[in-house]
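Taking the hints into account, I'd like the entire structure generated from these sequences.
So the chains spell out like this:
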Amino acid sequence: MAIDFLYPQYEVVRNYDRCIACRACERQCANEVHFYDPEFQKMMADESKCVACHRCVSLCPTRALKIVKTDHTFKANANWTGKAISEVYRQAGTGGVLLSSMGNPEPYPIYWDKMLINASQVTNPSIDPLREPMETRTFLGKKPGKVERDRDGRLVPNLSPQLELNVPVMFSAMSYGSISYNAHASLARAACALGTYYNTGEGGLHQDFYQYGPHTIVQVASGRFGVHKEYLEAGAAIEIKMGQGAKPGIGGHLPGHKVGPDISRTRMIPEGTDAISPAPHHDIYSIEDLRQLVFSLKEATAYKKPVMVKIAAVHNVAAIASGVARSGADIICIDGYRGGTGAAPTRIRDNVGIPIELALAAVDQRLRDEGIRDQVSVVVGGSIRNSADLLKAIALGADACYIATAALLALGCHLCRSCQTGKCNWGIATQRPELVKRLNPEIGAQRLINLVTAWDHELKEMMGGMGINSIEALRGNRLMLRGIGLTQKELDILGIKHAGE
Amino acid sequence: MKRIYVNEKWCLGCHLCEYYCAFANSGKSSMVKALKDHKIAPRIRIEERDGISFAVNCRHCTDPLCVKGCISGALTIVDGAVQIDSDKCVGCYTCILSCPYGALSTSNEGAIQKCELCMKNAFGQPLCVQGCPNKAIVYEER
Amino acid sequence: MNYVIIGNGTAAVGTIEGIRAVDREGPITVISEEPYHVYGRPLISYLLLGKTTEEKMLQYRPADFYEKNGVKTLLGRRALKVDPTAKAVHLEDGASVPYDRLCICTGSRPFVPPMEGLDAVEDKTSFMTLDDAKHLDAMLGEHNDKRVLIIGAGLIGLKCAEGIYQRVRELTVIDLAPRILPNVLTEAPASILQKHIESKGVRFLLGDSVQRFAPHTAHLQSGGAVDFDVLVVAVGVRPNTELAAGAGCEVERGILTDARSATTVPDIYAAGDCTVSHDIAADTDRILAILPNAYMQGETAGRCMAGDDAVFDKAIPMNASGFMGLHMITAGSYDGETYLEQDEAHYKLLVTRDNRLVGFIMIGDVDRAGIYTSLIRDRVPLDSIDFDLIREKPQLMAFSRAERAKKLGGIHG
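Residue numbers (this note's numbering), protein chains in the order written: chain A, 1 to 501; chain B, 1001 to 1142; chain C, 2001 to 2413.
Keep in mind that the hints are not guaranteed to be accurate.
[Said to hold, decoys possible] Covered by chain B, according to a simulated footprint, are these stretches of chain C (three or more residues, beta-carbon under 8 Å): (1) 2084–2093; (2) 2223–2235; (3) 2327–2340.
[Stated by the list, open to error] Label pairs and their computed distance ranges (CB to CB): (4) Thr453(A) with Gly2307(C): 48 to 58 Å; (5) Asp17(A) with Gln1125(B): 25 to 35 Å; (6) Arg1142(B) with Ala302(A): 37 to 47 Å; (7) Thr2217(C) with Asp1079(B): 56 to 66 Å.
[Stated by the list, open to error] Which stretches of chain C does chain B cover? Using the computed rule of at least three CB atoms under 8 Å from a CB of chain B, they are: (8) 2124–2137; (9) 2193–2204; (10) 2403–2412.
By construction, these hints were calculated from the structure, which means they are not laboratory data.
Virtual Cβ for every residue (Gly too), placed ideally from N, Cα, C.
Printed below as a string of structure tokens:
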């Protein structure tokens, strides 16, 4: 096009006093931003291609590079923001649906940041987790309502299958296809080392990863990709994906060019074909239908594995969760609107769904009110960013949390939100072999282990301060939370008091 | 003994090892001072072709042909590492003729240069290993 | 076990280090006619060139080398005879040194063919030993005013030429062969090297020889004459096999040994320039008077003398030499299918036979030549590597991924 209405979003700032022209930036940029100009004998950059992934910045051995947001501006307008204008230009240029990656970036309220945590003073002792026992182990699954004994008074084992988590954090579903083999390997190894679980997503389970089965949650989604008996039996639990926080109500689409031999085999689809996950499961139009699938999966795995159902946080999430609990699911997973994605229509990502904090509070309350809270565990995801978010989620009623964006950040993701291009310079959201190899799972797994271990330490520290020594005692303990700057309505939904009350 | 090992599976061909090597052996206090506007002559070198790349440097053989064939006694084994005394080296290149890995190279000073595991420079630990972003080069016991 | 080594060159060092790799205790005695601490013989040209000093030369092995290895040295003393029955070495001065295992590392000596009038030439020398180099140095003096004639355009003659070319008024090299380095190079690369050396002021008279000498003139077969002040005779060397022959060892052109460096007489081993080697590149027996070979044979001898099971069966001719700034590396045999790459500055010839690389010549760019050498030494089948890549340049990329993983991820002997 002769006229480009758009000015590049980022600028590459190179300190020529430091640049030694080693060309690492050039070699490492799949977007081909950097190049050496033999005439000038200098490194140069085409910043229009830059996605601000910081691969070059991170590898530059002399710290000669930084990426800055351009200060070039449209004529300022609170309504017609630069973003709004640019999007019109882009659509006018292409006629296409705008696509985005990762979670909802819009400035909606983040309720985690409007809740404060309690601590013990004088009348109730705090606990030093370094000196006293502190339990962050937790179990997910249906809990029996009563103790049963046989005629001779012996205990009848009536416990449904459980997932045992050493830390109340799991890695949420990311398919092999949306992320790379090495990203999956990193997650799998870390989950094993941490004593928790990672989730296959709907891409099936690569042959090589069956060895991590005891720490794997295998997903069954609307496309049913890669689902077969061995797959179901390989995992520790089975998750039915009904929805995803980043794009509730729509399906998924892995373009054919990403379906190479390995992915084709894993997903059980022909090489090079688009992998389209329908928006709904075509066999589920009611809670009763869902129940059929739940029990089909249980039947297929001899009732040995918990079945999870994952839904997106939408307007009437509490009622839906109640229905899911009654479908026979052992664990309900709720994904908030800030949850990530490898690709979603921008409008959907940015406008559909509700915050996980409100959804969680509403679901937990509803299940309690209906007296069925013990029949299911509740796992939440959709932007748990740190151990404080994690603690607040548990205090609001979650049994455990799912993290994915934070996990990807640990692997090197810089949230450039360009996953859909398939040119992830960090080897995460890509299938190009030369990029995939940039993520050495040995390093990746260790960084994930470090992250979750650090969160676990912090969690224990905060729990100790509150005088609480187990997840059991924290779960749903909303008295440990106070709102700040929230309306009465918001406080009511969250089921917490305002700070000072 | 700890040696440098190369795993081409994780080599990205970024060539940073070469630059860290050149810096480590420059005697300068910063990489910028050492390498700005310099053509580097590192002791570790990347071979690359068609998406395959890997670093090659001295393997510190237990029974090194370079040491055995050295006419001046400049190449010796010190604590398991093959080292060169550039003062003794006369630049005959018999070691280049002998080394099956092509791990010795000529330097601008006339003597041969080779990886000495950064034992003789200010770093004491191989800087290429520290600079490798993907653990394609590791320094360990095997 | 009582070890005795006759000779004090590289083969002797290899023998000492070989013995000590296995046996830390047994006494070792080194007997050598030369009065010096061991030095690398090929260094003598570099000494004249100023690239090394006598002091540094004598550090081929450190000053405490003998002491640290428990070696008793009898330097400046000549071994006359080996008595294999009594197991003793008799010295010229009447002493006798008993041995349990003996290694003969007597090396070689310059071959000086009979030439009419040679005796009348006063300022003349061979070019083999440190004393030769010192002698030549003294004859050249300080004034860069001497005319030097070198007889022989082989490695010794040319290294000598390199050593002195900046210190003479005139330098002529004469050889009967039609090209320089006749035993090392084929015609084309020899002429490249010759041009380079000529450009540094050296004159070559090839395909010619001296008919007779006058004190300062060589009259040539071709009819011409060369005036000179200093004469260097570097025609060739002959192995010192007399001691071995006297002991009853089988000797042809050199001492015969097996892959363990053992001679045909029990408990007598031999290594270095005095022996015949089996050249695996050409599959022939020949004398390979090169330093790495001497070390390897010596080390093998040492290990076997001490009871180890070592073999050295990878001998090939090979040379690395620089001549006035131009480097050359060669190895193996040149009999086979050839692959040539050449431009202004560089020359590279690869020779293959029966699915093996058997030889190469590199002039100019000699980077990583050892990869080629290893293909010859290890007799790597060429269909197991990417020959196109190896032709392009010596590179590990030519090997399979698995082979590379072994090379770069393993520990190597």
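Outcome of the hint check:
{"no.": "1", "hint": "2084–2093", "result": "violated (count 0)"}
{"no.": "2", "hint": "2223–2235", "result": "violated (count 0)"}
{"no.": "3", "hint": "2327–2340", "result": "holds (count 3)"}
{"no.": "4", "hint": "Thr453(A) with Gly2307(C): 48 to 58 Å", "result": "holds (55 Å)"}
{"no.": "5", "hint": "Asp17(A) with Gln1125(B): 25 to 35 Å", "result": "holds (28 Å)"}
{"no.": "6", "hint": "Arg1142(B) with Ala302(A): 37 to 47 Å", "result": "holds (45 Å)"}
{"no.": "7", "hint": "Thr2217(C) with Asp1079(B): 56 to 66 Å", "result": "holds (58 Å)"}
{"no.": "8", "hint": "2124–2137", "result": "violated (count 0)"}
{"no.": "9", "hint": "2193–2204", "result": "violated (count 0)"}
{"no.": "10", "hint": "2403–2412", "result": "holds (count 8)"}
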